[in-house]
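Using the sequences provided together with the hints, build the complete structure.
Going down the list, the protein sequences come from chains A and B.
Sequential numbering of the first sequence, starting at 0, is according to numbering that gives the first Met the number 0.
Sequential numbering of the second sequence, starting at 0, is according to numbering that gives the first Met the number 0.
Calculated from the structure, these hints are not laboratory results.
Fair warning: there could be bad hints in the mix.
Stated by the list, open to error - Chain A is nowhere near these chain B residues, computed Cβ spacing over 12 Å in every case:
(1) E11
(2) L13
(3) F38
(4) H41
(5) G53
(6) D123
(7) A162
(8) A184
(9) R270
(10) R299
(11) H351
(12) G355
Said to hold, decoys possible - Here are the computed lysine to any residue pairs in the SDA-like style, where the Cα-Cα straight-line distance is at most 20 Å:
(13) A:K469 <-> B:R405
(14) A:K421 <-> B:G386
(15) A:K476 <-> B:A389
(16) A:K469 <-> A:P146
(17) B:K213 <-> B:R333
(18) A:K421 <-> B:Q437
(19) A:K421 <-> B:A440
(20) A:K274 <-> B:H352
(21) B:K242 <-> A:R436
(22) A:K424 <-> B:Q437
(23) A:K255 <-> A:K454
(24) A:K469 <-> B:G386
(25) A:K421 <-> B:R405
(26) A:K469 <-> B:A68
(27) A:K421 <-> B:H444
(28) A:K421 <-> B:A68
(29) A:K421 <-> B:H352
(30) A:K469 <-> B:Q407
(31) A:K469 <-> B:D392
(32) A:K476 <-> B:Q407
(33) A:K424 <-> B:A438
Ideal Cβ positions, reconstructed from N, Cα and C, are used throughout, including at glycine.
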Amino acid sequence: MLDIAFAKPVLPKSGALALLLEQDAAAGSPTAALLEAADAATDGAVSRALATAEFKGRRGQTTTILAPGAGLARVVAVGLGKLAELSDRHAEDAGGHAPPALAREPAAAVATVGLTGAQAASVALGAALRGYRFDRYRTTEKPEDKPKLAKLAVLTAEAAKARDAWTAGRAVAEGVFLSRDLVSEPPNVLTPAEMAERCRKLESLGLKVEVFGPKEMTKLGFGALMGVAMGSACEPRMVVMHWNGAGTGKGRKAAKPLAFVGKGVTFDTGGISIKPAGGMEDMKWDMAGAGAVVGLMATLAGRKAKVDAIGIVGLVENMPSGTAQRPGDVVKTYSGQTVEVINTDAEGRLVLADVLWYCQQKFDPRFMIDLATLTGAIIISLGHEYAGFFSNDDTLSEQLRAAGEATGEQVWRMPLGEAYDKQIKSDIADMKNVGGRPGGAITAAQFIQRFVNGKPWVHLDIAGTAWSSKDSAVTPKGATAFGVRLLDRLVATHFES
Amino acid sequence: MIRLHIAASAPEALATVVPLRAGAPPPAPAAAAVAATGFAGHAGETCEVFAPAGRLLLVGLGDDVAGEAGWHAAGARAAAALLALPRIALDATALVPDQATAFAAGACMRAWRFTRLKTLAEPDAPRLAAIDLLTRTPEALAAAWASFARDLVAEPGNLLTPADFAERLALLTRHGVGVAVLDRAELARQGLGALLAVGAGSAHPPLLAVLRWKGRGTLARTAAPVAFVGKGITFDTGGLCIKPAAGMEEMRADMAGAAACAGAMLALAQRDSPCPAIAVLALAENATGAASYRPGDVLRSLSGRTIEVVDTDAEGRLVLADALAWAVRRYRPRAVIDLATLTGSIVTALGHHRAGLFDSDPALAEAVAAAGEAVGEPVWRMPIGPGHRADLDSDIADLRPRLPGRMQPDACHAAAFLREFVDDTPWAHLDIAGMEQQAEASDLHAVGPTGFGVRLLDRLVAMRFEG
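See below:
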């Protein structure tokens, strides 16, 4: 991660500088203080260049000026729009402009003069998030092609306040990076066992981590999860992560924990109902739900969130083989309900069925939120701008929607209902695992709802949002870690003591 | 279609239906006979007696009559039991308006069938064609106009061309609705380039039908009208981007949005709604032909916007673009609501149990959703994100109507496209693909058209625009 420090707003003597400027900053905006200093040092060269480039400071507008003088290697102007309308998300987006624009400089500064300390921390978060890169497997990249930016000084008059806010921001960025790393890892490296090992490393953050293998899960009766796993040479795992941050001071009763459950199919071939070859490589990210849960738990621990939370991930690989599950098989889930497997490529809901039932039975949580790259139908429904969610709890739904709005990880509620539930009736078992093309994401949610035992619950279908094919303001293309910031915000806003 | 009459008495009805709660006393003349049958008024129970005063059918409601759905079911059961009689009466004298409306709607839904094209006599064919509703609830009449829309939807593509559709609108003039039809020459003169392009490949030229209900009282004089806009593709082959053969016959129903708008206008007129309303129906056949429009063509729409055609099977949004622009320019309506069997994407998203609702105005959207709930035509609000709109940027024109490739949120894209043509008018778009027909018979419906939207639009006007 970018090494971020907060410092007083003084014009640097050398190196690169990003100036975050309000729209029409020349008219005496507080954001223009360092612009004026730069002009004074360069004989007005910076302002002249900005005028030539017709830089107005509209939100998202950027202009780069090379070697304007006074020892500066480059000055990047980033527009903030109107300061009065600047939300945290806008501040993050502004920070996000820094890493690509300053990539060639090993050290740089971002001037956030005129912004509050909290906004300066948001700028730092945006810069950190945008600066992420997964280059573990690049061995021949030329040094000059690698981004060099390693240290970023955020210049602010409220450095102490910014540092305070950044404590949490940094934990968020670390959780996001952990999640992006896991999702980016290729499937031959990140098997269920390997992912469980990486979860175990979270013990260093103060989490308690339990790992269940095939023996334990078979003994418990996880017929659905084990049915998916049995075609693969890689053993399945279930990992339970506990964060106890609420504390148990005098006179305080332990509250029920929050629970987050993730689908972790480390590679999904579709099984015997095998997928077409084109694009199958994307199925390495079919564990992004689990990746988000792991990243979230790391974030909660990293910022010492005052909450008790459980994170559970069901980790399997879905393979076709002589021992693989067949279409037509009937499996008995941990809940006792039976499922006719019509399509072995609808495996995520089978994994979640057992893990959710275990979660509610073992921990009696205040609510359960599951995340899964579950259906293509949700992509055809909403595209890549919103994750779809389903819930039996209107209050929680509204809280989640607002958290999405605040973090930019947007969610859109989709319906549930008896008419949809009927689509998964089976002739031979309690239910079948697919309900046909119409309402495909909804029938998947109906299936999952049969395993939440009436507990307050949200199902997030993140198939369209877990991976991005293009760069966005704070997320380089690739793994997005969708869910980490959303759920961290939900917890921070509503559920911490 | 099923004729529905509001009446104080029904001398021509051959039987009278009386809904009864569990344990409620049956009508006095038949009490003894009913008692002998052991009828207790359970939900789903029926009991037919031939009382001295005439033939009676009692329909059980159970203890707790379950809202809209319960009354629909009761009405449908009554109709199902009496299908052999040409005319029946529903005794709704003890019901509040919402109950009477839903009860009548259930009976009309179940009674409807389409037999016009059957020439061989079927001995047990249902004959029920008229229902007398004993109540003073004019809003119940919308159910009959839903069956008018169902007739249109059921008509095959060879018998319901754009011109045939326009002719069927003569019925509206008899109810006081103004009907004007713009022919191809007039469309060309006015510049409806998108609608003309879609209709270019067909031997049956495209038309724009404009229906106008003036309203009454103060609103008629002072209020801008509410506008309905309907997609009326009388048959959709897909054009040069031709559809697969399997299932193509269902594309006769691709005018269900226009049919619903026409039905709703009839409902407003018949109950003498104070609210002025217009409906603009874009009627065209999307055929393959030597003059067909092509993928890659750039069209100039009525709004002036240029459109790059990506897929000739995304024709609905093109004809709607011109119809919406025409409606908002010509009438400056206070709100515009369009109905269209628009995308397969919405079927993947919401299946066959809810229509997709997109909007530019949250208050209007909430009113549409509330009206849908109230009449049992449920909808679900869907998003138009900035990214959906950005996806529509074209390299060569102002807009492209859709993106190539299968895994696209095409319903969102279509809605983002349509929004470009309504200016600042509060707008709601109902993607009713998947709701206009049903593949299997249910207790409520025969196989085929549902008339989805007629009752919703009528109720929307009643709830939001008549105050």
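Now the hints, each set against the structure:
1. E11: 38 Å, holds
2. L13: 35 Å, holds
3. F38: Correct as stated: the minimum Cβ-Cβ distance to chain A is 28 Å, above 12 Å.
4. H41: 21 Å, holds
5. G53: Since the minimum Cβ distance to chain A is about 38 Å, B:G53 lies beyond 12 Å and the statement holds.
6. D123: At about 30 Å from chain A, B:D123 clears the 12 Å cut-off, so the statement holds.
7. A162: Since the minimum Cβ distance to chain A is about 34 Å, B:A162 lies beyond 12 Å and the statement holds.
8. A184: 40 Å, holds
9. R270: About 30 Å separates B:R270 from the closest Cβ of chain A, which puts it past 12 Å; holds.
10. R299: Label holds. Min Cβ-Cβ 28 Å, cutoff 12 Å.
11. H351: Answer for B:H351: violated, closest chain A Cβ roughly 5 Å.
12. G355: 9 Å, violated
13. A:K469 <-> B:R405: Within the cut-off at roughly 19 Å; holds.
14. A:K421 <-> B:G386: 34 Å, violated
15. A:K476 <-> B:A389: This hinted pair holds, its Cα atoms lying about 18 Å apart.
16. A:K469 <-> A:P146: 18 Å, holds
17. B:K213 <-> B:R333: Distance of about 14 Å is within 20 Å: holds.
18. A:K421 <-> B:Q437: 16 Å, holds
19. A:K421 <-> B:A440: Status holds; Cα separation ~15 Å.
20. A:K274 <-> B:H352: Since the Cα atoms of A:K274 and B:H352 sit roughly 29 Å apart, the hinted pair is violated (cutoff 20 Å).
21. B:K242 <-> A:R436: 18 Å, holds
22. A:K424 <-> B:Q437: 19 Å, holds
23. A:K255 <-> A:K454: 12 Å, holds
24. A:K469 <-> B:G386: 12 Å, holds
25. A:K421 <-> B:R405: 27 Å, violated
26. A:K469 <-> B:A68: 47 Å, violated
27. A:K421 <-> B:H444: Roughly 17 Å separates the two Cα atoms, so the pair holds.
28. A:K421 <-> B:A68: 17 Å, holds
29. A:K421 <-> B:H352: Answer holds: A:K421 to B:H352 is near 11 Å, not above 20 Å.
30. A:K469 <-> B:Q407: Judged against 20 Å, a Cα distance of about 16 Å means the pair holds.
31. A:K469 <-> B:D392: 16 Å, holds
32. A:K476 <-> B:Q407: Holds, at about 19 Å.
33. A:K424 <-> B:A438: 18 Å, holds
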